[in-house]
Every structure is written in C-alpha cells, then in structure tokens.
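*Asks:* One letter stands for each residue in the lines below.
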Amino acid sequence: MAKILAFIETRDNQIKASGFETVSEAVKLAKELQCEAEALVIGDNAVSSANELGKYGISKVIAVENQRLNKYSTTAFAKIAAEICRQKGFDIILLSATAMGKDLGPRVSAKLEAGLAADVIDLKVENGDVIATRPVYAGKAIIDIKITSSIKMFSLRPNVFKAEKVEESTPELEKVSIELNDTDFGVQVNEVTVSNEKIDVAEANIIVSGGRGLKGPENYHLVEELAKVLGAGVGASRAVVDAGWRPHSEQVGQTGKTVSPTLYIAVGISGAIQHLAGMSTSKCIVAINKDKDAPIFGIADYGIVGDVFEILPVLTEEFKKLLSN
Amino acid sequence: MKIAVCISQVPDTTTKVKVGGNGKSIDPAGVTYIINPYDEFAVEEALKLKEKNGGETVVISVGRDGVKETIRKAFAMGIDKGILVKTDNELDSYSVARNLADVLKEINPDIIFFGKQSVDYDDSQVSTLTAEFLGLRSVSVVVDLKIEGSTVTAEREIEGGKEIVTSSLPVVISAQKGLNNPRYPNLKGIMQAKSKPIEEKQPSFTDNKTEVISMRLPHGKSKGKIIGTDATAVPELVRLLREEAKVI
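Chains as they are written, first to last, in my numbering: chain A, 1 to 325; chain B, 1 to 248.
The reader is advised that the hints may include incorrect statements.
Calculated lysine to any residue pairs in the SDA-like style (CA-CA distance at most 20 Å, straight line) [what the hints assert, rightly or not]: (1) B:K221 <-> A:S260; (2) B:K246 <-> A:N205; (3) B:K225 <-> A:A294; (4) A:K283 <-> B:G224; (5) A:K124 <-> B:I213; (6) B:K162 <-> A:Q14; (7) B:K246 <-> A:E318; (8) B:K68 <-> B:P11; (9) B:K201 <-> B:P11; (10) A:K292 <-> B:S222; (11) A:K321 <-> B:G224.
I should point out that these hints are in silico values taken from the structure, not numbers from a laboratory.
My request is simple: use the sequences and hints to build the entire structure.
*Replies:* Quick look at the structure:
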C-alpha cells in the first residue's frame with residue numbers, strides 16, 4: 001500500500017499558492033490509489049498552517065518546527081524531509097517545482113535513492129503505476145515517464161494543478177522534532193528580497209510580455225500598465241532581455257521561464273521558436289504585432305495585426321473599464 | 001585552486017524537435033549540437049575564478065563520443081583539461097549525477113560549477129544530486145557570486161525576488177543567466193583546444209531510476225482569429241476574452 005507525502009512550501013509561515021496545489025493533488029492521487037496522504041510543513045511556526053491545509057481534504061499534517069528553520073536551508077530541509085519519509089514509510093512524495101522545490105527535490109531523492117520526475121504537468125494512475133507527464137525541450141515535446149525505484153518523487157509545475165477546497169475538516173496534527181546541528185545549516189539563506197508588487201511570471205495567472213516591437217525600454221511602461229490593470233506578471237522576449245531592456249527574471253522561453261498561464265498577451269513579439277516553446281501551453285494566447293506573418297499569430301487564439309503603440313493604451317483603458325464594473 | 005565544471009551537450013535551441021523512431025526520444029537527424037547555454041555561464045565563472053586565484057580548471061561530461069566537440073568548445077574558452085564518461089546509453093539525471101560524483105571524488109575540487117539546467121530534459125536536478133552524492137554544500141540558480149577566502153556569498157533567483165545565501169568552500173554552484181557574460185573563444189584558444197587532453201572513463205553507474213514511456217509533440221494550436229488591424233478591434237477582443245475564452 002502506497003503512502004503519499006505532500007511537502008508544503010511556506011514563506012514567512014504563509015503557505016504558497018503552489019502548496020495548496022500540491023496538497024490538493026496528493027489528496028486526489030490518494031483517492032485513486034486508495035491510500036493515505038499526509039502533508040509536511042517545515043518552518044519556525046509550522047503548526048500555524050495545519051488548519052488551512054485541512055480545507056483541501058488532507059487528514060494529517062506533520063509539522064517540523066525549529067527557530068533556525070525560519071528561512072530555507074537546502075541541507076537542513078533535505079535532512080528533515082528524508083528523515084520523515086524513512087520514519088513514516090512514505091513512498092510517494094509530491095512537492096512543487098518552484099525555486100525551493102527544484103533545489104530540495106534532488107537532494108531528498110539522492111538521500112532516499114528515489115527517482116524524481118521534475119516539473120510535472122499531469123499525473124495519472126495506470127495499472128497501479130503513477131505515470132507523470134512533463135514537457136521537455138522547453139515544451140517542444142512532451143514525455144510520459146515512470147519511476148522505477150521503490151520511492152517515487154514528483155515535483156509539480158506551479159499554476160497547472162488545481163487547488164480544490166473540499167468540505168472543511170480539521171486535520172490531525174503531529175509535531176515531530178528532528179535533531180539538527182550546525183553542519184545541517186552549512187548553506188543558509190540570510191536575506192530574502194521579494195517585491196510584493198511584482199508578480200513573477202512563473203506564478204502568474206495572466207502574463208503580459210513585450211518584445212522588440214516596443215522599440216525601446218522607455219516604452220515598456222505600456223506593458224507594465226496593462227499588466228497592472230490585469231494583476232498580471234510582466235514577461236519579456238529573449239531579444240529584449242539580451243538587449244538589456246529587461247531583467248532576465250522576466251524572460252519567457254527556452255533559456256528563460258516556461259509558463260502556462262490562463263491568459264498570455266504577447267505584445268510586439270514575433271515569436272521565435274525558443275519563445276513559443278516557453279509559452280505555447282498557455283490556455284489562451286493573444287498576439288498584437290504589426291507584422292501579419294509573425295509566427296506568434298500561428299499559435300495565438302486571438303490576434304490584432306497593428307501598431308502596438310496605438311492599440312495597447314486603448315486595451316488598457318478597456319480592461320480598466322471592464323474590471324471596475 | 002581546483003575548479004571543476006560539469007557540462008552537457010544539447011540540441012541547438014533553434015532546433016525543431018521531431019520524435020524519433022523509438023517513440024521515446026527525439027530524432028537526431030539534422031540536429032546541430034551545442035554546449036548547454038547555461039553551462040557557458042558556469043565555464044565563464046570558472047575561468048574568472050582561475051584568473052583571480054590561479055589553479056586548474058577541468059570540465060567533465062557524460063555522454064556519447066560526440067560530446068568531445070562540446071568539451072573542446074570549453075577548451076577554446078580557456079578550460080585546461082577534460083574528462084568524458086563515455087556511454088551511448090540514455091542515462092537519467094540520477095545516473096548522470098552518480099557518474100559525475102564518482103569522477104569528482106577523485107579530483108576533490110574546491111568548487112564545482114554547473115549550468116542551472118540542461119535545455120533538453122529541463123530537469124534542474126544534476127547539480128544538487130551531485131552535491132548530495134558528494135556530501136557537499138550547494139547553491140542553485142546563482143546570479144551573483146563572491147568568494148573571499150573560503151566564505152561564499154551567493155545571490156540566487158527565487159519567484160519574484162532574490163535570496164542571499166552564505167556558505168563556504170568546497171561548494172557546488174549552479175549558474176543562472178545574468179551571472180556573467182561568457183567570453184567568445186579567440187583564435188589562439190581555438191587552436192590550443194585541439195591539443196588539450198580529454199581523458200575517457202567508463203560509466204560507473206547505469207541503474208536509472210526513471211523510464212521514459214513515450215514522447216510526443218504538444219497539440220498544435222490551430223490558428224486563431226485575427227480580429228482587426230487597429231485599436232477599433234479592442235472592444236471585440238475584450239468581449240471575446242470574457243465571453244468566448246472566459247479568461248477575464
């Protein structure tokens with residue numbers, strides 16, 4: 001009988017959106033496999049998260065608390081997660097493919113000699129096996145993958161799996177203490193700077209991205225204004241990042257971030273193959289470009305062939321009107 | 001200072017991917033291979049560190065005989081020597097990392113660089129796996145790195161911001177774009193690359209933990225609607241997004 005563990009990521013004791021997606025998927029998978037699922041929260045006040053996780057149907061939350069765990073440490077977190085799995089006999093581990101999950105997952109997998117399918121976009125059960133679907137070559141191809149080791153790990157791409165609230169229940173809470181020493185904190189995060197206003201493209205539900213068609217960094221405010229009205233993340237093509245207009249953290253594509261938002265608005269982006277690979281799985285794509293032959297129109301659901309400087313301010317105003325109603 | 005860089009060979013990012021006859025991997029016909037773009041930042045950081053502190057730089061890769069071309073690209077940039085764990089088998093991230101760890105154990109470097117991910121399988125696993133197999137500290141997705149004595153201060157990218165991480169040598173670092181500007185090989189470097197040594201090794205571990213069942217191309221989106229050619233099309237676009245696509 002399988003036993004599933006969902007590792008829940010928090011920041012400042014707040015569960016991240018991807019954490020709810022992970023716990024929801026664990027509950028769903030447990031139902032399909034007819035087995036148990038529990039959640040693990042690590043932090044300086046991990047117990048505070050337990051009740052919130054109950055809303056997603058998890059029956060038990062394991063909390064590992066320690067003052068030194070207020071910020072992420074790759075070595076300490078990996079030791080705890082692996083130790084919990086060994087102690088409690090978990091053999092399926094779900095976590096998010098976030099900056100933290102991508103760093104933590106492989107360490108835990110090495111400790112447990114477990115295979116890890118990374119950045120998964122779908123999980124299904126076939127003949128008792130969990131089959132993971134994941135994009136490769138930045139989304140130019142998709143693979144189905146199976147894990148052959150006895151412990152199996154899956155990191156879930158944020159924003160793809162649904163966080164579904166079920167009937168509210170109070171989960172059982174178990175506090176576990178794991179002994180940690182100084183060497184476990186050999187890598188330590190000292191400072192975190194996160195902009196509260198900016199939404200990262202990797203987590204955004206809506207993305208507005210700009211390209212060369214904006215002609216210069218001084219015109220990028222048009223993209224930012226539209227993004228602000230929509231509560232969207234700001235993205236960029238490789239060309240404008242390489243030209244130094246925008247930071248690399250905004251780059252969408254094969255050497256940037258691969259994204260799957262609900263709505264992707266491409267402004268002045270022609271659609272090089274590297275860019276299309278990174279965003280073609282978006283649910284709805286809008287392209288605005290003056291070149292009617294631009295490849296971006298080949299994958300866009302809706303397009304306007306025209307001048308971005310004329311269209312963008314009108315679009316921003318129109319959304320403002322719509323969303324204020 | 002002993003500096004190691006682990007690199008991989010990937011299809012050029014302009015490659016149009018086709019599924020091969022086995023239905024599990026890409027069709028290699030007509031594909032041009034390059035050094036993984038993130039590994040160029042790793043190589044550059046290694047070279048900068050050697051220029052500052054002296055020492056020796058070595059690149060290590062796992063793969064087919066053809067990977068030697070990519071090792072020579074790193075030579076041309078200035079790396080001193082190379083090691084290829086030669087195998088025609090498809091190894092997963094776990095196996096690649098085990099092989100790298102076995103080679104690195106013998107070298108015992110002060111610092112090991114990786115690119116943050118290979119742009120083929122996009123696993124983002126090998127650097128941290130290798131660090132764990134070696135019992136070493138690691139920082140991934142690094143955009144700024146300072147080494148003073150044995151103290152390491154790194155800035156790593158997270159969602160919507162940055163983390164400042166402190167650690168100490170020996171350490172494993174995975175490089176993100178923005179860490180530096182990789183140099184172009186000059187003619188002298190290209191000439192020297194031909195005579196630099198590549199040591200071949202047999203794989204020490206081939207017990208994959210994952211198995212690819214099938215590969216396919218994503219559903220091609222059919223061409224959508226062109227709504228108009230100027231700002232008068234905007235109200236219709238907004239209406240469609242709300243009523244037809246239901247995304248707003």
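*Asks:* Which hint numbers does the structure go against, in order from smallest to largest?
*Replies:* 9, 11
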